[in-house]
Amino acid sequence: MDAATFRTTFAAIRREIQRVIVGHETLIEHVLYAMFANGHVLLEGVPGLGKTLLVKTLAQCLDLRYSRIQFTPDMMPADIIGTNVVVQDADGRRYFQFQRGPIFSQIVLADEINRATPKTQSALLEAMQERTVTAPGGPYALEEPFLVLATQNPIEMEGTYPLPEAQIDRFMFKLKVEPPTLTELLEIMDRTAGSAQPAPSVAAAASEIKAMQALAREVPAADHVRLLAARLVRATHAGDEAAGSLARRYVRYGSSPRGAQALLLGARVRALAEGRVNASIEDIQAVAPGALRHRLILNFEGEAEGVDPDEVVRSILAEVPPTPAASWGP
Amino acid sequence: MAASIENRGVLERNEVLDAVAGACRRLAARRAWFWSGRVALSWILVVLALVLARTVIPFTLPYALLCGLGLAVGLFTFLLLFAFWRVPPLAAAQVLDHRLAGHDRMATAVEVLAGTLPPTVLSSAVVADAARWSAVRSPARSIGWLPGRPMWAAVGLAAFTVAVGWLLTGVSVPGTPARQVAQTIRQEGRRIERTADAMDSQARLDRARASRRMAGSLRRLGEDLQRERLDRFGALSRIESLGREIEAARRQVRARRERSGERPATPDPLLPQELFRQRAALDRTIRQFQEIAERLAQNPSPEERRSLMRQLEALSEGGREGEVPTHGREQAAAARRQAAAGNAAGARQALRQGAVDLEELRAMLADEEGLTQAQRDLRRSADRIARGGSGAPTQSEAPPQAAVQPGGAAPGRRQLQEGEGASEQEPPPGPNQGTAAGQGAVQDRLGERTPRLEGERPQTRISGMQGEGRAATSDMLGPGRQGQVRAAPRPASRAVRAEADSYMSRMRIPPEYREIVRRYFEALAGSR
Chain A
1 MDAATFRTTF AAIRREIQRV IVGHETLIEH VLYAMFANGH VLLEGVPGLG KTLLVKTLAQ
61 CLDLRYSRIQ FTPDMMPADI IGTNVVVQDA DGRRYFQFQR GPIFSQIVLA DEINRATPKT
121 QSALLEAMQE RTVTAPGGPY ALEEPFLVLA TQNPIEMEGT YPLPEAQIDR FMFKLKVEPP
181 TLTELLEIMD RTAGSAQPAP SVAAAASEIK AMQALAREVP AADHVRLLAA RLVRATHAGD
241 EAAGSLARRY VRYGSSPRGA QALLLGARVR ALAEGRVNAS IEDIQAVAPG ALRHRLILNF
301 EGEAEGVDPD EVVRSILAEV PPTPAASWGP
Chain B
1 MAASIENRGV LERNEVLDAV AGACRRLAAR RAWFWSGRVA LSWILVVLAL VLARTVIPFT
61 LPYALLCGLG LAVGLFTFLL LFAFWRVPPL AAAQVLDHRL AGHDRMATAV EVLAGTLPPT
121 VLSSAVVADA ARWSAVRSPA RSIGWLPGRP MWAAVGLAAF TVAVGWLLTG VSVPGTPARQ
181 VAQTIRQEGR RIERTADAMD SQARLDRARA SRRMAGSLRR LGEDLQRERL DRFGALSRIE
241 SLGREIEAAR RQVRARRERS GERPATPDPL LPQELFRQRA ALDRTIRQFQ EIAERLAQNP
301 SPEERRSLMR QLEALSEGGR EGEVPTHGRE QAAAARRQAA AGNAAGARQA LRQGAVDLEE
361 LRAMLADEEG LTQAQRDLRR SADRIARGGS GAPTQSEAPP QAAVQPGGAA PGRRQLQEGE
421 GASEQEPPPG PNQGTAAGQG AVQDRLGERT PRLEGERPQT RISGMQGEGR AATSDMLGPG
481 RQGQVRAAPR PASRAVRAEA DSYMSRMRIP PEYREIVRRY FEALAGSR
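Residue numbers (the numbering used here), protein chains in the order written: chain A, 1 to 330; chain B, 1 to 528.
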């Protein structure tokens, strides 16, 4: 796998997804960035914006095993990871056999993840981080590539359980699904209300995806690029000297080191997708909102004033100079 | 195949390093221009502030020269910084990426080549990508060699400063020392104009051609000082320039006088009183020549003829004190020979020719005297302007000691001199000061102080008539507070003196009064 092949494959996957999904270019790109960075994505948006369709289409394009878990309050962890069931063999002997749950797929859609209890939500923790599932007779390794795409509805708060910080930190990106524009809406009507439904074709196999994931980690990032990622993360901490003005005022806890990892990995994938072989400052800045917004825990003042974490991230991006050497250009 | 790939890698590596090295040089130049421009800008800002300060405080400021110097200093700073400034390659690469939206290609490639980044499977691709990019974009060219904005701003500010300096020349804020200097310049302009008028009339009387020519220049200078907006430097420059012209003219006159056979043993330049003494002696000789010639024409008695022959003999020997010039002696000797031979007409002719020659010499002396006096007046005006119309009089402005010493009080010798009204220095004793009848101390003659002197007056103006002849008017500058009003002596009006001399030269002096008249002129000359 080389950089050119990466770019071609990436473009092919994106093209296939866009045959089904209207608009959401940035969303699609970021989902792909997360997938090739071997990360997970939390999609947030009101119902009916195509979140589930996006995940299904992605699975179809990649010819990966796909499962959907509809999270409900009465769901148990065993419903996700699986359970031991009593099995009788031909000799009439009975024994326990582990019955794999829907987590044992390559693309998992955790739909309305905030409707499940924290106990059930935490069933995803090990799978997302370690790519393994611990169960009787286990642990069981999950098949690569493994991608969790969770969705949550931001407006229905009744009967929901906000994701715990430890859970939410394991998502590489939190992406907002925006409503379609007028033109996109017309296009959606044309595509879905007709007799012919667009169907994506397979653009990449699992092996290719794994090779692309491996290549993404080889992309060099200059010192000042990595430094920028680190400084951005530091700037999210209110107590830090380099904290942004809004972060200092509204943020209780800033991003964890996973935020810096997400920034760098996302930047590397984006660089390859853009046809470059080095991560750049622009790549870091492009992926920063998705990588940092869910890692900021606002304080009481921020919550009370309804501060949008995106606003805090934007202010940090504006206040942290991209490179110290830029001042050399008089 | 492997060698080919390796060669290609070396080429790409060199291409990247060349591009970065070029950027380093251009960036160093750019940076040097930036700081040198700031240096020049600061310099010229200071000059501009000084130009503006000149409207309050009078001082000489060659602002155009200083602006040029500021730009030169900026240029020198550029050369210095460019010679010694080294830009790190990584910084240059980052600037290239920043300027040309290179997405950190060059910086990453430099780090890969420097070994800062651990090698990956994409390391060579990074260098190749940067090489391709630099070949297409020629990144070093994006950084110009030309001066940056600060240097252009410095050039613009220099032009603005020169324009402001030119516009503000002679402009002053009321009530400030600068305004005082401006007023002094105008006053000196008026004074020089009056001096030019007096010099012109004197030159007409004496038929002094060079003095008359210079009187015109002097008048124009006076008019310019009153009319034009000149600062102190400009006014002094103009005065100095005219002073040089007058000095050249004076040297020409002196050379001409020397060529005519008259070789004075006195130093150059002569003091005006020295010149006057020579001229007075010439006047006497000319009158003697004319008188002898007239008496020869009147068929003198033998006794008178003998007396005339003795006079001619004395003249041919140089007069009583050797005051007759060589040319006059020769003509006197020739006239004596003719008279001895009984050729009275030939003697008269020789005497008339001698008188004409001596008059020419006298005109030259008058020329030299007028020019010398004009030089002294100019120097005095320059001194006044230089000290801005305030402070103690300078050495050149102070009257020469010989001029203020009592040496006689003959008509035409009393001199007015200006001085500060508030000066505590006692005036020198007047020529008629004494205890005899008609004499007395100044205070005795002035009587009691009048209450008027207690009043607040900014100026005291004294006007008066100096005997017969033209009126001499002087402005006495100074506060009108209680004290003695006094006027130190200064050279008398040349017009008055010239008229007196002319009158004496035309007048027929009876023989019994000649000695008295001689003593009069000698005393006159000796007291100056």
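Calculated from the structure, these hints are not laboratory results.
Treat each hint with caution, since some may be false.
What the hints assert, rightly or not - If you want the ones that stay clear, here's a sample from chain A, every Cβ over 12 Å from chain B, calculated:
no.	residue
1	THR8
2	TYR66
3	HIS224
4	ASN278
Stated by the list, open to error - A short list of chain B residues far from chain A (calculated; beta carbon distances all over 12 Å):
no.	residue
5	ARG105
6	VAL127
7	GLU303
Claimed, not checked - For the chain B half of the interface with chain A, some residues (derived, Cβ under 8 Å), not all of them:
no.	residue
8	ASN14
9	ASP104
10	VAL126
11	GLU193
12	GLU304
13	SER307
Note that the Cβ used here is the ideal one computed from N, Cα and C, for glycine as well.
Violations among the numbered hints
Hints 3, 4, 5, 6, 8, 11, 12, 13 contradicted; others consistent.
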